[in-house]
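Residues per chain are reported as follows:
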Amino acid sequence: MNDFKDLDLDYFAPRKPAEPEAKPEKTEAVDAPTADESAEPAERRRKPKPSRRELLNMRLSVLSVGVMVILFALMTLYLFLFPRSTVSQIENRNLAEFPKFSFASYFSGSFTADVATWFDDTVPNHDGFKNMSNSIKNLFGMKMFASTVSTAKPETDSTDNTDTSAANGDTQTTTPANGTVSNNTNLLQYAAGRVFPAVSAADEKMGRDFSTEDNSTLEWVNNLLVINWDNHWRCMEAFGGGGGTAYANALNDLQSKVGSGVTIWSMPAPTASAIYTPKNGIDYVGDQKECFNGVAEKLNAGIQSVNVVDVMKKHAEEDIYLRTDHHWQARGAYYAARTFAEAAGVPFADLSTYTEESIPGYVGTMYGFSQDTRILNDPDNFHYFVPASNYVASYYDTSFNYQYEDDLFADVDTANAYLKFLGGDSCIVKVDTQMKNGRKLLVIKDSFGNAEIPFYTNSFEQIYVADVRYLECNLVSFIKDMGITDVLFTMSAYSVVGDNADNIQNLIAQNAGETITDSHIVPSVTPKTVMPTATSAPTTTSGTDTAANTTSTGTEDTSSAKE
Amino acid sequence: MVFADLFFIYVFLPLCLICYGLAKKLSTKNIVLIVFSLIFYAWGEPLWILLLLFSSFFNWFIGILIGKFRDTPRAKLAVGGGILVDILLLLIFKYSAFIVENLNAVSGAAIPVPQITLPIGISFYTFQAISYILDCYWETVDVQPKYHKFLLYLSLFPQLIAGPIVRYSVVEQEIDNRSVNATDLCEGALRVILGLAKKVIIANNLWSIVNTFFGKDITGLSVLGTWYTIIVYSLYVYFDFSGYSDIAIGLGRMFGFHFDENFRHPFACTTIAEFWQRWHISLGSFFRDYLLYVPFFGKPRKYFGLFLVWFCTGLWHGAAWNFILWGLYYGCFMLFEQKMGKKRMKKWPIVWKHVYTKLVIILGFGIFYFENLGQLGQFFLNITGISMIANSAPFTDPMTFSSLRNNIFLILFAILVSLPVLPKIKSYFLESKNDTVYAIGRVGSVAVCMVLLAVVSVLLVDTTNNVFLYFRF
Numbered sequence: 001m002n003d004f005k006d007l008d009l010d011y012f013a014p015r016k017p018a019e020p021e022a023k024p025e026k027t028e029a030v031d032a033p034t035a036d037e038s039a040e041p042a043e044r045r046r047k048p049k050p051s052r053r054e055l056l057n058m059r060l061s062v063l064s065v066g067v068m069v070i071l072f073a074l075m076t077l078y079l080f081l082f083p084r085s086t087v088s089q090i091e092n093r094n095l096a097e098f099p100k101f102s103f104a105s106y107f108s109g110s111f112t113a114d115v116a117t118w119f120d121d122t123v124p125n126h127d128g129f130k131n132m133s134n135s136i137k138n139l140f141g142m143k144m145f146a147s148t149v150s151t152a153k154p155e156t157d158s159t160d161n162t163d164t165s166a167a168n169g170d171t172q173t174t175t176p177a178n179g180t181v182s183n184n185t186n187l188l189q190y191a192a193g194r195v196f197p198a199v200s201a202a203d204e205k206m207g208r209d210f211s212t213e214d215n216s217t218l219e220w221v222n223n224l225l226v227i228n229w230d231n232h233w234r235c236m237e238a239f240g241g242g243g244g245t246a247y248a249n250a251l252n253d254l255q256s257k258v259g260s261g262v263t264i265w266s267m268p269a270p271t272a273s274a275i276y277t278p279k280n281g282i283d284y285v286g287d288q289k290e291c292f293n294g295v296a297e298k299l300n301a302g303i304q305s306v307n308v309v310d311v312m313k314k315h316a317e318e319d320i321y322l323r324t325d326h327h328w329q330a331r332g333a334y335y336a337a338r339t340f341a342e343a344a345g346v347p348f349a350d351l352s353t354y355t356e357e358s359i360p361g362y363v364g365t366m367y368g369f370s371q372d373t374r375i376l377n378d379p380d381n382f383h384y385f386v387p388a389s390n391y392v393a394s395y396y397d398t399s400f401n402y403q404y405e406d407d408l409f410a411d412v413d414t415a416n417a418y419l420k421f422l423g424g425d426s427c428i429v430k431v432d433t434q435m436k437n438g439r440k441l442l443v444i445k446d447s448f449g450n451a452e453i454p455f456y457t458n459s460f461e462q463i464y465v466a467d468v469r470y471l472e473c474n475l476v477s478f479i480k481d482m483g484i485t486d487v488l489f490t491m492s493a494y495s496v497v498g499d500n501a502d503n504i505q506n507l508i509a510q511n512a513g514e515t516i517t518d519s520h521i522v523p524s525v526t527p528k529t530v531m532p533t534a535t536s537a538p539t540t541t542s543g544t545d546t547a548a549n550t551t552s553t554g555t556e557d558t559s560s561a562k563e
Numbered sequence: 001m002v003f004a005d006l007f008f009i010y011v012f013l014p015l016c017l018i019c020y021g022l023a024k025k026l027s028t029k030n031i032v033l034i035v036f037s038l039i040f041y042a043w044g045e046p047l048w049i050l051l052l053l054f055s056s057f058f059n060w061f062i063g064i065l066i067g068k069f070r071d072t073p074r075a076k077l078a079v080g081g082g083i084l085v086d087i088l089l090l091l092i093f094k095y096s097a098f099i100v101e102n103l104n105a106v107s108g109a110a111i112p113v114p115q116i117t118l119p120i121g122i123s124f125y126t127f128q129a130i131s132y133i134l135d136c137y138w139e140t141v142d143v144q145p146k147y148h149k150f151l152l153y154l155s156l157f158p159q160l161i162a163g164p165i166v167r168y169s170v171v172e173q174e175i176d177n178r179s180v181n182a183t184d185l186c187e188g189a190l191r192v193i194l195g196l197a198k199k200v201i202i203a204n205n206l207w208s209i210v211n212t213f214f215g216k217d218i219t220g221l222s223v224l225g226t227w228y229t230i231i232v233y234s235l236y237v238y239f240d241f242s243g244y245s246d247i248a249i250g251l252g253r254m255f256g257f258h259f260d261e262n263f264r265h266p267f268a269c270t271t272i273a274e275f276w277q278r279w280h281i282s283l284g285s286f287f288r289d290y291l292l293y294v295p296f297f298g299k300p301r302k303y304f305g306l307f308l309v310w311f312c313t314g315l316w317h318g319a320a321w322n323f324i325l326w327g328l329y330y331g332c333f334m335l336f337e338q339k340m341g342k343k344r345m346k347k348w349p350i351v352w353k354h355v356y357t358k359l360v361i362i363l364g365f366g367i368f369y370f371e372n373l374g375q376l377g378q379f380f381l382n383i384t385g386i387s388m389i390a391n392s393a394p395f396t397d398p399m400t401f402s403s404l405r406n407n408i409f410l411i412l413f414a415i416l417v418s419l420p421v422l423p424k425i426k427s428y429f430l431e432s433k434n435d436t437v438y439a440i441g442r443v444g445s446v447a448v449c450m451v452l453l454a455v456v457s458v459l460l461v462d463t464t465n466n467v468f469l470y471f472r473f
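Chain order of the listed sequences is A and B. 426 is the number that our numbering gives to position 426 of the first sequence; each next residue is one higher, with no gaps. 99 is the number that our numbering gives to position 99 of the second sequence; each next residue is one higher, with no gaps.
Each hint can be trusted.
Mimicking DSSO-like on lysine-lysine, the simulated pairs with C-alpha atoms at most 27 Å apart in a straight line are:
(1) B:Lys216 x A:Lys289
(2) B:Lys216 x A:Lys279
(3) B:Lys342 x B:Lys358
If you anchor each label on the Cβ, the simulated ranges turn out as follows:
(4) B:Lys25 x A:Arg59: 19 to 29 Å
(5) A:Phe107 x B:Tyr303: 41 to 51 Å
(6) A:Ile70 x B:Thr270: 41 to 51 Å
(7) A:Pro83 x B:Ile31: 35 to 45 Å
(8) A:Glu54 x B:Val355: 43 to 53 Å
(9) B:Lys346 x A:Asn222: 41 to 51 Å
(10) A:Asn223 x B:Ile18: 38 to 48 Å
(11) A:Asp283 x B:Phe380: 21 to 31 Å
(12) B:Leu103 x A:Val69: 51 to 61 Å
Listed next, the stretches of chain A that the computed footprint assigns to chain B, with coverage defined by at least 3 CB atoms under 8 Å from CB atoms of chain B:
(13) 73–79
(14) 101–109
(15) 118–124
(16) 130–136
(17) 214–221
Since the hints were derived computationally from the structure, they do not count as laboratory data. Even for Gly, the Cβ is constructed at its ideal location relative to N, Cα and C.
Turn these sequences into a full structure, and let the hints guide you.
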């Protein structure tokens with residue numbers, strides 16, 4: 001290209017015969033492909049007898065092509081003959097479906113693109129290939145594995161809930177909350193109606209602060225933090241920070257519309273990176289405590305803020321966050337819920353009054369995002385806590401049409417363990433409890449809030465739960481017509497600073513002025529006959545098959561008032 | 001449709017090869033190729049295939065006119081009109097938004113910015129059409145009398161959407177006279193698999209590194225992190241694009257066409273001029289052969305010509321200022337090397353030559369990457385360490401080391417393959433006088449490629465339609 005010797009050539013003069021330098025690259029001997037030299041069909045035809053080497057070349061070529069065709073045909077047959085996958089457990093999603101043809105979709109190019117996506121996505125044994133692919137990618141570098149890991153601080157055994165059941169591979173086991181049964185002094189007040197946990201959050205000592213320890217296992221994998229604390233891998237999103245202005249504005253707006261009789265609470269849920277980021281990673285992760293404080297400053301007087309980051313840190317050595325999923329464990333939700341209940345001045349049942357159950361072998365979303373096999377091979381033991389008190393949970397669609405009564409805990413398979421709470425996000429749920437304190441709570445939440453709900457069954461007379469993304473009723477009307485006394489906004493830090501916050505404003509604006517009526521009134525919930533007293537509480541909570549018995553009433557009467 | 005896709009590999013290609021093999025006569029084979037090429041294009045551009053058909057018909061017709069009015073002023077008119085329309089189409093479909101935006105910015109006018117999605121491959125096939133009508137005019141090729149044969153040349157799916165820019169002269173004879181034997185099939189298939197491996201195993205995974213660091217605002221990124229990422233990005237561009245060229249050349253070979261090489265291990269270069277003789281050769285030679293001779297420059301045309309070529313090279317890569325900057329940046333180094341003179345350059349120590357060229361290339365890819373000029377400025381602040389001194393950005397960060405450690409083998413392997421190592425190994429076996437060594441080489445390369453194909457297939461399950469970078473152009 002820097003060859004200017006022909007510069008004076010007339011642009012419009014015929015150039016035949018072709019210039020020799022038209023293809024100067026051919027003369028370069030640096031690394032001319034050897035492949036091209038063997039094939040000159042025209043020349044070969046003229047030769048009467050092929051040389052020995054040419055004969056060998058042809059035989060090897062025929063052999064090679066034969067082998068390739070056979071292997072290729074086998075792979076193609078595999079793709080076409082075996083049943084196509086429809087669901088990916090690993091990625092926790094339904095795979096692409098074959099698109100419907102329409103002229104519009106065809107001419108936009110989306111039809112053909114979707115056909116290719118469908119073919120690629122629904123490969124037989126999709127998850128097996130996905131795992132294989134992740135194993136191949138492990139060979140790209142030196143990932144640290146647990147055997148070579150030494151964290152800055154030796155493992156401490158003081159936690160009362162280390163994941164032991166994950167290892168022995170039991171199916172759903174019912175384990176009483178170990179270590180807490182003896183601690184029954186806090187139950188003494190239960191019969192009196194106002195129960196506070198024995199230890200208030202404010203009185204608890206600061207626990208191990210992971211953010212002061214260096215951890216050499218910290219890695220960034222696909223924009224996520226992967227770290228090994230105490231011989232368990234954990235994957236978390238690095239919080240990016242944000243102002244939360246839209247969130248604060250929406251809450252302020254709501255406050256001005258609902259009047260003074262309703263208390264609005266804001267309790268953002270910290271994500272795991274607020275607790276488990278080591279000292280050497282802290283500069284790259286947004287400070288959630290500061291972020292939440294910043295949001296609180298933007299809120300008008302009268303809106304109550306509850307910042308639970310420090311409370312979480314006090315329990316950092318307990319199993320309060322899932323390691324393989326972006327959610328918290330129920331135990332983490334419990335500490336947040338307790339902090340809120342204390343601030344709201346409502347009764348609250350200690351964790352020891354609940355029956356702890358678990359789903360071992362749970363691998364959550366962080367594996368799908370990180371594609372890191374260390375996460376896959378170190379699953380979580382998913383815990384949930386079934387309240388001892390009686391309640392009735394009614395499920396409504398997003399426009400508040402009654403659907404059915406059910407448990408607060410859904411039947412789920414291991415891969416979807418977090419859907420245990422309320423069966424997922426989309427329904428509006430009403431919980432009638434045996435509390436008679438006149439407090440009616442509306443929880444506006446994302447999926448983090450789901451895990452808190454069971455812990456409020458001893459605190460509020462009625463609890464309404466609606467997802468910030470799915471509620472289709474006017475929020476102001478809902479609060480007024482349902483006689484709500486407290487509105488709790490509890491959603492993850494990402495929702496507070498991200499797009500979900502914009503949706504709160506939509507909730508206030510949509511269907512403004514509508515009247516909302518509850519089509520399903522639950523008769524007064526009576527306390528269970530085995531209602532805990534000071535002496536009986538520990539025994540009732542341990543060992544019974546509780547998942548069913550709390551709400552065995554009423555699951556059948558879905559026929560009533562469906563409209 | 002893209003090549004690095006299970007649907008292409010396991011549905012489209014086998015169907016095409018079977019139909020092609022079943023066709024007895026070459027004319028039928030040509031029809032099969034045209035039909036499959038049009039399906040291939042329409043798969044991604046169901047609407048703009050009309051533009052391809054128009055462009056091919058128009059340029060074919062210009063060729064006919066040139067042949068008919070040979071040696072008359074009308075031929076000059078035909079070739080001029082043809083080039084004008086081709087460039088106009090390119091301006092409308094690729095550059096109109098860019099032009100209007102800049103007009104608005106300069107004049108303060110508020111002309112609505114046209115929202116035209118770039119038809120895939122328009123930069124490539126328009127250039128091929130221009131090369132054809134100029135070659136016709138210069139009588140370096142014969143005018144193609146049959147439209148469908150010209151359509152076959154322009155729409156041939158291996159090279160349709162992302163090059164190389166195949167000259168008509170390269171395939172002129174083979175349109176009417178070509179054959180495929182077992183060696184062609186074998187070598188072609190191996191080349192295709194090699195290209196797929198470059199794209200799927202190396203380029204895709206390098207891209208995920210780049211995206212981790214450069215996918216967001218780079219303010220505050222450490223000095224080492226910036227260096228690390230831009231080196232990885234340079235490798236990524238090479239593997240993405242040369243992988244595509246390998247697939248194109250290999251597919252061509254399987255159908256009996258012999259395309260010219262488009263990449264010859266560009267990172268092994270010792271001067272910037274040599275880099276461009278090894279990088280995207282078909283584009284460089286296009287500008288050299290068709291643009292450098294544009295006659296309207298008068299005396300200082302040597303420099304005008306040079307910078308026009310590099311301005312256009314930059315602009316061809318995308319409708320944004322950073323690409324123009326990128327082209328002119330190379331223009332400056334070409335001029336520098338001309339002024340230095342080949343003899344004096346030769347005296348440089350070899351290490352110094354490599355350091356100089358790699359630095360220029362790597363920094364160049366920084367300009368190439370950042371379409372946002374603010375981020376481009378930040379890139380230079382980061383990479384020179386000015387941001388470290390002025391804004392106390394860190395020199396290094398754990399994220400970089402973590403990423404490097406996690407991908408060290410991939411990156412080292414990529415560097416190794418980007419240098420002319422594989423051809424050396426290949427020639428050791430295939431040029432051996434010993435038949436056993438030769439046979440081991442042949443069988444071994446098939447075995448390696450089948451393993452690569454398996455790995456590519458597995459990795460492709462993981463990525464949904466990761467498009468080639470050069471799609472944009």
